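Engineer: Chain residues, written in single-letter form:
Number of protein chains: 2
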Amino acid sequence: MSSKFYSKENLNFLLHDVFPIDELCKKEIFKDHTPESLDMILDAAGTMSETQLRPILVEMDNKPPYIENGRVKVHPKMRDLMQTFGKDGWISMSAPHEFGGQQVPFTVVQAVGFVMGAANYSTMVYPYLTTGAAHLIESFATQELKEKFIPKMYSGDWQGTMAMTEPGAGSSLSDLTSTATPTADGHYLIKGQKVFISCGDSDAVDNVVHLMLARIEGAPLGTKGISLFIVPRLRPKANGELVFNDVNTAGVFHKMGYHGAPIAHLIMGENSDCHGYLVGEANKGLSYMFQMMNEARIGVGCNAVSIASAAYYNSLDYANIRLQGRKVTEKDPAKPQIPIIEHADVKRLLLFQKAIVEGSLSLVMEATTRYDRWQASEGEEKERNLLVLELLTPMVKSYPAEMSIQTTSAALQCFGGYGYTKEFMAELFFRETRIHTLHEGATAIHGMDLLGRKVMMKNGMATMLLMQEVMEDIEKAQKYDSIKAYAIGLGEKLMKLQEVTVHLVSVAQSEGPEAYLSDATLYLELFGILAIGWQWIKQGTKVEELKQAQSKNYSAEFLQSKMYALQYFFEYEVPKVDGLITRLMSKNRVTVNAKKEEIL
Amino acid sequence: MSSKFYSKENLNFLLHDVFPIDELCKKEIFKDHTPESLDMILDAAGTMSETQLRPILVEMDNKPPYIENGRVKVHPKMRDLMQTFGKDGWISMSAPHEFGGQQVPFTVVQAVGFVMGAANYSTMVYPYLTTGAAHLIESFATQELKEKFIPKMYSGDWQGTMAMTEPGAGSSLSDLTSTATPTADGHYLIKGQKVFISCGDSDAVDNVVHLMLARIEGAPLGTKGISLFIVPRLRPKANGELVFNDVNTAGVFHKMGYHGAPIAHLIMGENSDCHGYLVGEANKGLSYMFQMMNEARIGVGCNAVSIASAAYYNSLDYANIRLQGRKVTEKDPAKPQIPIIEHADVKRLLLFQKAIVEGSLSLVMEATTRYDRWQASEGEEKERNLLVLELLTPMVKSYPAEMSIQTTSAALQCFGGYGYTKEFMAELFFRETRIHTLHEGATAIHGMDLLGRKVMMKNGMATMLLMQEVMEDIEKAQKYDSIKAYAIGLGEKLMKLQEVTVHLVSVAQSEGPEAYLSDATLYLELFGILAIGWQWIKQGTKVEELKQAQSKNYSAEFLQSKMYALQYFFEYEVPKVDGLITRLMSKNRVTVNAKKEEIL
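Just so you know, the protein sequences line up as chains A and B, in that order.
Numbering-wise (my numbering), the first sequence opens with residue 393 and increments by one.
Numbering-wise (my numbering), the second sequence opens with residue 393 and increments by one.
FYI, nobody ran anything at the bench for these hints, they're computed from the structure.
Bear in mind that the values here come from a model prediction, so they are computed numbers and not experimental data.
Accuracy of the hints is not assured; some may be wrong.
Sample of chain A residues with no beta-carbon within 12 Å of chain B, all distances over it, derived [what the hints assert, rightly or not]:
1. 418
2. 446
3. 655
4. 872
5. 883
6. 943
7. 991
Below are the BS3-like pairs computed for lysine-lysine, each with C-alpha atoms no more than 25 Å apart in a straight line [unchecked claim]:
8. 727(B) / 676(A)
9. 885(A) / 868(A)
10. 987(A) / 979(B)
11. 418(A) / 774(A)
12. 988(A) / 455(B)
13. 968(A) / 979(A)
14. 723(A) / 968(B)
15. 583(B) / 676(B)
16. 988(A) / 723(B)
17. 465(A) / 479(A)
18. 876(B) / 979(A)
19. 538(B) / 885(A)
20. 888(A) / 814(A)
21. 455(A) / 418(B)
22. 885(B) / 868(B)
23. 455(B) / 814(A)
24. 774(A) / 850(A)
25. 944(A) / 719(B)
26. 727(A) / 616(B)
27. 616(A) / 479(B)
28. 396(B) / 987(A)
29. 629(B) / 538(B)
30. 987(A) / 538(B)
31. 814(B) / 968(A)
32. 850(A) / 814(A)
33. 988(B) / 719(A)
34. 727(B) / 727(A)
35. 888(B) / 871(B)
36. 676(B) / 727(A)
37. 676(B) / 876(A)
38. 871(B) / 885(B)
39. 538(A) / 629(A)
40. 987(B) / 400(A)
Backbone N, C-alpha and C define an ideal beta-carbon position, used for all residues, glycine too.
Build the full structure now, drawing on both the sequences and the hints.
Structural biologist: This is how it looks when you write it as structure tokens:
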């Protein structure tokens, strides 16, 4: 069954009305673009997604990557796709002009990623990782390294990766043990193992360029001794010839889903001939890598929404055509059956998905807009956007990742027994999205990032700035009867959130950091729900403004549909914060107190 | 990795202390049993599970059933297993002596199912379905039919099934269209299609006996015109010879999980030679089938707990051996890494699972005990047990089914990136358990059953009886400081539940049945959480009684572990009811109001 996988109308609404892209186009670095030219990019992404990415989704799922003669084989179509991603500028679109890019705003880059990810998540991992890796080289490497690697990456000939995780160093990056030994020739000799390297090896490309973290001999322990290296699978000699760089593929992980993209286990330097090229200064690798990680974290949130969107439209299609049962008020079995979308509980399953998908996508756009403004501005404005972006990132990454498990499950539920089978695609989306709470930092890590770092950074400046803006939006919303009560309610919950924060800070003082952070994941969830509530208030206000202006840009159904999703969110999701608050205010430290011998 | 998949100690605690099985053994129909003899059955189930069922779990997952020459092929080991299930009395254990059974209490039957299901869910579906089908024949068929079919079913030679669902009649059973035409020879000619027939065809058995719903020509429309038939794949002639009964296998569904058991699409009577034998009276089929369905619903809840238990112990093992990171208070990277179970958030993920698994299993036992008492008693006691059982059944079926999606997901999360791979079994359990909110009635159906029927039946008599008992348990618990506050809190929430019920009844009167039932799924969730809270109060009271009695039956860690799980449930899960109550008391009918054109 081919089905719609995203709403173009909603993307228009977000990019032209809620986060007006024309304001971004006025900025110097984006001045070559207009809302129209950016729409054309999105249209082209839609077409490519429909005609080239979606058609191979099920095929890819049925044929996961495998190892042949020590190399990873992926779906044969992937090589053509990478060439297209390169040739048509998808990999380089956000790069500066000097590197052949188009300086497309990050907001549009993520919108494109959203569309492609909704069509076929695996396929977009290849180009997007390559972009992220190339950006790192652009930002921190020498001119020579830039010239050597970037063009081939942007052309789609070479894959880029992020090579951080090791068998003994996952969430705890400070424990990584890969080593780099300096040589007289300027390069380093690399030795180590990396696991879970997305697109770490594949026959879709001619070469793979790993942006790899390792320790230079004698470097300090912990995160302060980590450096960043370019470690290609094949190293280009001065004459351009490629020689094997002692990067061996030890295996490919057999995953539950997103089978189109391989995740490799790599061994570097088994034969002591793996060259690495230092990026930037020694021992500063982790801070550089955070550039790529922060972009990737927003990307993960965005792609969790992608898959949730695909699952939503898939189930919505089905709910409109599948006949089953009758209204509870209709007792005559001779009457024809009705489409299941007419049952209240199926509508609940659908509106739940819609409220999460469109609320989350809006939050993603909120973050990407900050990113663009941070890039495009100076001074106080730059600082402000960065602070709010940093505060929002844990929510942007984790809320969609966690919730998409539930929304794809709700989508599956709409199909009844068929949802559990491969008849439709429901079970596929449920499997695919489960990766997102794991990669780019497990959810707990983001909870600790939010509560342990972000909320308090610069004396709570980021939180203050964000709250100010939210309060302004709540104020604006109160002009409209349809959302006034929800807006006021949100304001009250935000006050509660602040009480919780103050309470937790007192816990930090009285009981120490472990107790303070023990429910950071719940704090993240609480903050996330309220952040999405904020997005719905913004969207609702915009809907009312459009109605008042008698705009003809959107159908009446579209606008009404938005308001139902908003109501759903405030009626069913926002009340969940009360339970979280109760827990966060409790004095019982059950998870801290229980010793490991007492959990059995 | 072979790992513990259930807690024998916990099963002892439930069966000997919380729901004392020795009281059941005093009843006439169970008088041949003693707690010791029943323990031996459970021990044998444990041994068989460990040595024969668990070892083939991953193999079965890797080799799903397939069609060859129009027949379903399953794992080759399954035929031996069915023979063992038959020979060793696992299929017939609950049958009356007159059919060669041992009259084992349903509580023990489900406990055995729990153990086997935790080892390898697919494998236990074959015998348990066969038992259910045989029971139906026992209860309602003629002596001749009993003699013809039951012995071969109990011996494991023939499979039993429940053949209800049709392509156009899933949740809406009243729409089934399979027909039965009477013949002069006494049998009926059956024509129709059935889908999602678990174990509907396989080479693990010599024959399959379908307990099939169909309409006799001229029968009333709807559920009042449904009759029950025995429809074997091969029909036994008078001389015992088996001839093909025109039951064709059209296909086997490719499922997301529980690959060991086939789900078939069957076509009956393509060549007008499919004989069916009427069970009981014409047009009463659905009420007969409900006997099997009600047992199966408890079984589904029980097996959702099984899989959740397997996932829990799998993740607990891993959390104890996987080293990663340090305490948040430890900043020295030279210090060794610690097992992840020492991180508060990992303990949260573990205690969450434990609280749900042990709370749910307790609720299952609460229900099975009622079943046994209903079977074993007369008059008012019989009636009371049946009423409470009927009220509990939707929760017993749905709470574990829904929550096991979350607990297996939490288990997976404990493994980090490895959880998404086939390296360990985490992703397998996550896939397996997802069936349980779908089969034996999707969750929404049980919500409507609870709110639309059970809560109000006999003027709310069942609810009243249940509340009385819960209140007595709450009263008893208040003797112990460790649970007093939680018990009082639970009582308060139960009062709120009653307010919600009263409110919804007023909605039924003022707005009609659609509005009344529109959030029945949430009502079910709310009731479910409080039912589990009740089980924890019962368990906590028992722990305190055992401590007071200085019982040596359980380790101190076991009892302490129980108390932490109890605390977890009241600290993290019970607060969730507040959000549900807020929603259920709201006047906004967003899911009822949204027209299908307005969800897009």
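Engineer: Next step is simple, just say for each hint if it's right about the structure.
Structural biologist: Each hint tested on the structure:
Non-interface status of residue 418(A) relative to chain B is upheld: no Cβ of that chain comes within 12 Å, the nearest being about 32 Å off. At the 12 Å boundary, the C-beta of residue 446(A) stays outside the reach of chain B, the nearest C-beta of that chain being 19 Å off. Once the 12 Å rule is applied to beta carbons, residue 655(A) is inconsistent with being away from chain B; the minimum gap is 8 Å. Once the 12 Å rule is applied to beta carbons, residue 872(A) is consistent with being away from chain B; the minimum gap is 16 Å.
The claim that residue 883(A) is not at the interface with chain B holds, since no C-beta of that chain comes within 12 Å of its own (minimum 17 Å). At roughly 17 Å from the closest C-beta of chain B, the C-beta of residue 943(A) stays outside 12 Å, upholding its exclusion from the interface. Residue placement check: residue 991(A) does not keep its beta carbon more than 12 Å from all beta carbons of chain B (closest about 5 Å). Straight-line distance between C-alpha atoms of residue 727(B) and residue 676(A) comes to about 22 Å, which keeps the hinted pair within the 25 Å bound.
Straight-line distance between C-alpha atoms of residue 885(A) and residue 868(A) comes to about 17 Å, which keeps the hinted pair within the 25 Å bound. Pair hint residue 987(A) plus residue 979(B) does not hold up; C-alpha atoms about 46 Å apart against a cutoff of 25 Å. As the CA atoms of residue 418(A) and residue 774(A) are separated by approximately 16 Å, the hinted pair is consistent with the 25 Å bound. Distance check on the hinted pair: residue 988(A) and residue 455(B) sit about 37 Å apart at the alpha-carbon level, beyond 25 Å; violated.
Annotation: proposed proximity of residue 968(A) to residue 979(A) holds, straight-line Cα distance about 20 Å (limit 25 Å). Of the supplied pair hints, the one linking residue 723(A) and residue 968(B) is violated, its CA atoms being roughly 35 Å apart against a limit of 25 Å. Between residue 583(B) and residue 676(B) the alpha-carbon distance is near 19 Å, which keeps this suggested pair within the 25 Å criterion. For the suggested pair residue 988(A) and residue 723(B), the alpha carbons sit about 21 Å apart, so the restraint of at most 25 Å is met.
Between residue 465(A) and residue 479(A) the alpha-carbon distance is near 22 Å, which keeps this suggested pair within the 25 Å criterion. A C-alpha spacing of about 16 Å is found between residue 876(B) and residue 979(A), which places the hinted pair at or below 25 Å, so the restraint holds. In summary, the hint linking residue 538(B) to residue 885(A) is not supported, as the alpha carbons are separated by about 64 Å, beyond the 25 Å threshold. Distance hint between residue 888(A) and residue 814(A) is unfulfilled; the C-alpha atoms sit about 45 Å from each other, more than 25 Å.
Proposed proximity of residue 455(A) and residue 418(B) is contradicted: the alpha carbons are some 58 Å apart, above 25 Å. In summary, the hint linking residue 885(B) to residue 868(B) is supported, as the alpha carbons are separated by about 17 Å, within the 25 Å threshold. For the hint pairing residue 455(B) with residue 814(A), the CA-to-CA distance comes to about 15 Å; that is within 25 Å, so the pair holds. A hinted pair counts as satisfied when its Cα atoms are at most 25 Å apart, and residue 774(A) with residue 850(A) qualifies at roughly 15 Å.
For the proposed pair residue 944(A) and residue 719(B), the alpha carbon gap of about 58 Å is over 25 Å, so the pair is violated. Annotation: proposed proximity of residue 727(A) to residue 616(B) holds, straight-line Cα distance about 15 Å (limit 25 Å). Distance hint between residue 616(A) and residue 479(B) is unfulfilled; the C-alpha atoms sit about 66 Å from each other, more than 25 Å. Restraint check: the Cα-Cα separation between residue 396(B) and residue 987(A) comes to about 20 Å, which is no more than 25 Å; the hinted pair holds.
Distance check on the hinted pair: residue 629(B) and residue 538(B) sit about 15 Å apart at the alpha-carbon level, within 25 Å; holds. For the suggested pair residue 987(A) and residue 538(B), the alpha carbons sit about 56 Å apart, so the restraint of at most 25 Å is broken. The straight-line distance between the Cα atoms of residue 814(B) and residue 968(A) is roughly 34 Å, outside the 25 Å bound, and the hint therefore fails. Taking the CA atoms of residue 850(A) and residue 814(A), the gap is about 51 Å. The hint is violated against a cut of 25 Å.
Proposed proximity of residue 988(B) and residue 719(A) is supported: the alpha carbons are some 14 Å apart, at most 25 Å. With a CA separation close to 72 Å, the supplied pair residue 727(B) and residue 727(A) exceeds the 25 Å bound. Of the pairs offered as hints, the one joining residue 888(B) and residue 871(B) holds, with about 23 Å between alpha carbons and a cut-off of 25 Å not exceeded. Of the pairs offered as hints, the one joining residue 676(B) and residue 727(A) holds, with about 22 Å between alpha carbons and a cut-off of 25 Å not exceeded.
With a CA separation close to 55 Å, the supplied pair residue 676(B) and residue 876(A) exceeds the 25 Å bound. Between the alpha carbons of residue 871(B) and residue 885(B) the distance comes to roughly 20 Å, so the proposed pair stays at or under 25 Å and holds. Taking the CA atoms of residue 538(A) and residue 629(A), the gap is near 15 Å; set against the 25 Å cutoff, the hint holds. For the hint pairing residue 987(B) with residue 400(A), the CA-to-CA distance comes to about 21 Å; that is within 25 Å, so the pair holds.
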